[in-house]
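J.: Below are the chains, spelled out letter by letter.
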Amino acid sequence: GEDVEQSLFLSVREGDSSVINCTYTDSSSTYLYWYKQEPGAGLQLLTYIFSNMDMKQDQRLTVLLNKKDKHLSLRIADTQTGDSAIYFCAESNYGQNFVFGPGTRLSVLP
Amino acid sequence: DVKVTQSSRYLVKRTGEKVFLECVQDMDHENMFWYRQDPGLGLRLIYFSYDVKMKEKGDIPEGYSVSREKKERFSLILESASTNQTSMYLCASRLAGGTDTQYFGPGTRLTVL
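For the record, the sequence lines run as chains A and B.
Residue numbering for the first sequence follows the working numbering, beginning at 5 and increasing consecutively.
Residue numbering for the second sequence follows the working numbering, beginning at 18 and increasing consecutively.
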């Protein structure tokens, strides 16, 4: 079946950029998503990218998609302590059959 | 603004008890989902429902059942809770037929003793 992989942990210093990486196996994926989960809360959609795009920027967030390598990344510029959370990569085929990665726990050090 | 609510944030039950987890959404979404979240495993789909009275098994349905009698409400049932069902349970909903994302509830952390 489809699979989504992420590294489980990432630590960065406050003010630095964070890059969270994700790989997926389903070549028919049409949408790729990044969700943020703060402690004790559900998942909140941060951003998404359609599979025919290479890049999407939204304020401090930049999403890069390499469809050939099935690689997705989320860059957070000027990382703040409030960005500490678990970040989930997910893919779907036209909104059906969502598959989530295991989540990357981002720790922001002062 | 989409709102998905879950009946409890924290729940403690004993082995063998019947457990009901309730999820309600207020956006008239057709599709609703139940996931469990475990460290290092991400979200795993238990059951989903395309519409009222419809249900489909997800990746890990064993030990669970669901009920969707009304469009806004999707219930997850543990017929006889076991310790390996201790987990965070997340409900989500989305509009059918489009490319819309899923909207998640805050989660219920269930501990089975």
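Possibly wrong hints are sitting among the right ones.
Each pair of labels, with its calculated beta carbon distance range [as the list claims (entries may be wrong)]:
1. B:F37 with A:N97: 28 to 34 Å
2. A:T85 with B:E86: 40 to 46 Å
3. A:Q48 with B:N101: 25 to 31 Å
Derived DSSO-like pairs (lysine-lysine); straight-line CA-CA distance at most 30 Å [said to hold, decoys possible]:
4. A:K40 with B:K74
5. A:K74 with B:K88
6. B:K88 with A:K40
7. B:K20 with A:K60
With the Cβ distance kept under 8 Å, some of the chain A side facing chain B (calculated, not the full set) [to be verified]:
8. A81
9. F104
10. P106
These aren't lab readings, by the way, just hints derived from the structure by calculation.
Just so you know, even glycine gets a beta-carbon here, dropped at the ideal spot from N, CA and C.
J.: Now tell me if each hint is right for this structure.
T.: The hints, checked one at a time:
1. B:F37 with A:N97: 28 to 34 Å: holds (32 Å)
2. A:T85 with B:E86: 40 to 46 Å: holds (44 Å)
3. A:Q48 with B:N101: 25 to 31 Å: holds (28 Å)
4. A:K40 with B:K74: Given pair A:K40, B:K74 holds - Cα atoms ~26 Å apart, limit 30 Å.
5. A:K74 with B:K88: violated (36 Å)
6. B:K88 with A:K40: holds (27 Å)
7. B:K20 with A:K60: Since the Cα atoms of B:K20 and A:K60 sit roughly 27 Å apart, the hinted pair holds (cutoff 30 Å).
8. A81: At about 23 Å, which exceeds the 8 Å cut-off, the nearest Cβ of chain B leaves the hint on A:A81 violated.
9. F104: A:F104 check passes; min Cβ-Cβ to chain B is 4 Å, inside 8 Å.
10. P106: holds (4 Å)
Checked against the numbered hints given earlier, this structure breaks hints 5, 8; the rest are met.
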